[in-house]
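Number of protein chains: 2
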Amino acid sequence: MDENQELEEQFAFLLKDLQENNIQEFRERFLEMHIYEQGQFYQSLTDEERLVVYTYLSPKELADMFDVIEEDNENMKDYLAEMRPSYAAEMLSEMYTDNAVDLLNTLDKKQIAKYLSLMDAEDASEIKDLLHYEDDTAGSIMTTEYVSIVANQTVRSAMYVLKHEADVAETIYYIYVVNQENQLLGVISLRDLIVNEDDTMISDLMSERVISVHVGDDQEDVAQTFRDYDFLALPVTDYDDHLLGIVTVDDIIDVIDDEAASDYSGLAGVNIEEVSENPLKAASRRLPWLITLLFLGMSTATLISHYESLVSEASILAVFISLITGTAGNAGTQSLAVAVRRLALADEKDNNFARLIFSEVLTGLVTGLVTGITIFIIVGFWQGNFILGFVIGMAMLCAITVANLAGSLIPMLMDKLGFDPAVASGPFITTLSDLTSVLIYFSIASMFMSYFLA
Amino acid sequence: MDENQELEEQFAFLLKDLQENNIQEFRERFLEMHIYEQGQFYQSLTDEERLVVYTYLSPKELADMFDVIEEDNENMKDYLAEMRPSYAAEMLSEMYTDNAVDLLNTLDKKQIAKYLSLMDAEDASEIKDLLHYEDDTAGSIMTTEYVSIVANQTVRSAMYVLKHEADVAETIYYIYVVNQENQLLGVISLRDLIVNEDDTMISDLMSERVISVHVGDDQEDVAQTFRDYDFLALPVTDYDDHLLGIVTVDDIIDVIDDEAASDYSGLAGVNIEEVSENPLKAASRRLPWLITLLFLGMSTATLISHYESLVSEASILAVFISLITGTAGNAGTQSLAVAVRRLALADEKDNNFARLIFSEVLTGLVTGLVTGITIFIIVGFWQGNFILGFVIGMAMLCAITVANLAGSLIPMLMDKLGFDPAVASGPFITTLSDLTSVLIYFSIASMFMSYFLA
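Going down the list, the protein sequences come from chains A and B.
Using the numbering used here, the letters of the first sequence correspond one by one to residues 1 to 454.
Using the numbering used here, the letters of the second sequence correspond one by one to residues 1 to 454.
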């Protein structure tokens, strides 16, 4: 709490410096703060105040701060637009390449070209290279600011290289060893450099079994490698082992957050990454799913209307519609969540399609049996009619089993077909399960109609 | 792919070494592998083979490998139990303290005491200290293997300290500056040490605005600080600024994974962290929720049974029960997911309870209006009865609005009461919304009964 107060006090001082044109005081106070806090302050300013900031800070100083502002911040575009183009271009080239690319990717092609034309050729070409990688691949999240050395040198000379590249490299804690063709031969950690004698040869120290990822690898697989090995950075190579860049752990945290949000969104049938407080906007994002599912729900209604004569004969049947569809829907949602999780965790080879489905159907049978017997007893006593209880219990058993089948089969099919299994949303499964549950329920009911009405 | 083959080949060689008692070859090959791969190999062995491993490797060598095996691995207990107690105790004291504590926490008190009594006093007391911290706090995930120095020395002497502590410290990339009472005064990164001259004083280099967390802070808040500042480690202090330990980014990735899994589990109404392929076990974990919700669903059935006479008069009403409950349930799930997300993201001060609820109800009104009008038109034409269409549309509008209210109000109330809002599960909201939807539907229907039957 008092840390927050201290920070707010700093912000107040900074604002005063800005308004009173105390450029020197402002710079000292501002540059002393952590870059994340610099970003917080910068984002709290008005348009006019930010224009002053661009005259107080160098493009390099602004770049350090821009490196930590979330790239999905909606205002980033506007910030860029309000700077002088040459200032913005210089700032972009001072940012870590991966962050600059993320930022440029939010602009249209014409603007990107404008900024690239204002940079020096080398920076522009590095950025251009990264702009081409597909979304969600290792290439799209890597940066080119790594430290590489050749093997044929001592710890002392490697430390010398490090000292001089430390300022621009995104991490100096791993040093990659390459040959003349820039092919990755080994890796050595700064920790190894520190604990070993200055005269030791790098070739004797380096680990030759480098864990690396390919530039086209899915970012989720890259995240899994980070989890397994507890690395702080991983080298990215092409398919002939040429070192292209590195992925750092802070980018991986973003990947993990994004994937979790997308799984969660799938289950909920709403994109939670765009949490807006504007009810109209929020509604417009939720309606497409709701209306689509409304039409799917209409087929359930149509199905029930076929059984309307059954209901008018035995209105008691209407009493249990929502109980059966609801319970089956709950079971289907559980099944869906487990299937999506299992697909995310399992290695390729472990994905024995048939076995997983079989196990899920069996789970459905067991839960269905327990739930069915429970409701059989309740309805039997409540309505004093054990045949009706049997119909409801039987329908429950079948509906739950089918819901479990649908909840596991659909995400697995999507996975097989190359889609993200998480887009098989929870609401979709429950609405689909409404349809099958109603069909099962009325089929069984019509078979036993004459008995329980007696 | 060929990386995997290479690894499998290594595993085959290792197994052969083990079976043929080639201890020297085994040790060379084994220790050359990355510790994660060592763990993979170790876990693939039979009980007998593992017993041989314990004679080939020192407790320290085994400890390095145990540091990366997931602490939630069910077999860890058995591994410990099969080692000689003194070997196990030595291994535990060689592990990073946080990992040793995680492992010990899976054992019962008597066993913990046994291992602690076999360790040397200092190691035992460090572990004992950490065992006391509450789950899910910074204290429970921190480790005590950090590097600290006093300010009054040069870069050269700090590097000397670092060299000698590098072997035991979990990270050497941040060095914490403390006073005689071990109170945190500043921090300096290894990067700063490397780029500065050997004679520079630490006091001139260190950053005095240290970002730290308190030992009792929630681990989610710690994770958020990592996200904001892109740190690799954070110091943990007591409330008088004494440095107690550090949290490293690899532990934070576990925290982020756990929290995502628990949010997802909440929405699905099933614990996805225990994905089992045994259908009986899986069923036993899903049934408690299903049966609980079955009883809640029974109240919906009871409610409908009060309207049974209405249904027997107008069996067409039964046709739309599942459409209305299903659509309202879908809307409620969306609302729940957004509310849980918003609560996770928002700062304390931003959580204006009334405003968030109001905005969610408004979103419900808008989505309800659009959905209601759609279904009014569909039912009107389909059944040739626009009064019936009006009843269904009106019920839809009200049911969706109420579902949105419930979906946002319930997690927010839970948050206010100090519970994790994510435990308000999706299935609970849909089942609750079934009840309110049916009540709304039949109330409106009974009001307009005489009109649409005409």
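Honestly, I wouldn't trust all of these hints.
To be verified - Straight-line alpha carbon distances no greater than 30 Å define the calculated DSBU-like cross-link-like pairs of lysine-lysine that follow:
| hint | chain 1 | residue 1 | chain 2 | residue 2 |
| --- | --- | --- | --- | --- |
| 1 | A | Lys281 | B | Lys416 |
| 2 | A | Lys416 | B | Lys281 |
| 3 | A | Lys114 | A | Lys128 |
| 4 | A | Lys114 | A | Lys163 |
| 5 | A | Lys163 | B | Lys163 |
| 6 | B | Lys16 | B | Lys281 |
| 7 | B | Lys163 | B | Lys110 |
| 8 | B | Lys163 | B | Lys114 |
| 9 | B | Lys109 | B | Lys77 |
As the list claims (entries may be wrong) - Per label pair, the in silico range of CB-to-CB distance:
| hint | chain 1 | residue 1 | chain 2 | residue 2 | range |
| --- | --- | --- | --- | --- | --- |
| 10 | B | Asp135 | A | Asn73 | 25 to 35 Å |
| 11 | B | Asn152 | A | Val161 | 44 to 54 Å |
| 12 | B | Asp108 | A | Gln224 | 28 to 38 Å |
| 13 | B | Arg84 | A | Lys60 | 54 to 64 Å |
| 14 | B | Ser44 | A | Asp199 | 49 to 59 Å |
| 15 | A | Lys60 | B | Tyr229 | 32 to 42 Å |
| 16 | B | Arg84 | A | Asn73 | 36 to 46 Å |
Because the hints were derived from the structure by calculation, they are not lab data.
These figures come from a predicted structure and were not determined experimentally.
Every residue, glycine too, gets a C-beta built ideally from N, C-alpha and C.
Now for the hints, and whether the structure bears them out:
no. : hint                              : result
1   : Lys281(A) - Lys416(B)             : 27 Å, holds
2   : Lys416(A) - Lys281(B)             : 27 Å, holds
3   : Lys114(A) - Lys128(A)             : 13 Å, holds
4   : Lys114(A) - Lys163(A)             : 34 Å, violated
5   : Lys163(A) - Lys163(B)             : 17 Å, holds
6   : Lys16(B) - Lys281(B)              : 37 Å, violated
7   : Lys163(B) - Lys110(B)             : 38 Å, violated
8   : Lys163(B) - Lys114(B)             : 34 Å, violated
9   : Lys109(B) - Lys77(B)              : 13 Å, holds
10  : Asp135(B) - Asn73(A): 25 to 35 Å  : 34 Å, holds
11  : Asn152(B) - Val161(A): 44 to 54 Å : 31 Å, violated
12  : Asp108(B) - Gln224(A): 28 to 38 Å : 33 Å, holds
13  : Arg84(B) - Lys60(A): 54 to 64 Å   : 59 Å, holds
14  : Ser44(B) - Asp199(A): 49 to 59 Å  : 40 Å, violated
15  : Lys60(A) - Tyr229(B): 32 to 42 Å  : 20 Å, violated
16  : Arg84(B) - Asn73(A): 36 to 46 Å   : 56 Å, violated
Hint compliance for this structure: hints 4, 6, 7, 8, 11, 14, 15 and 16 are broken, all remaining hints hold.
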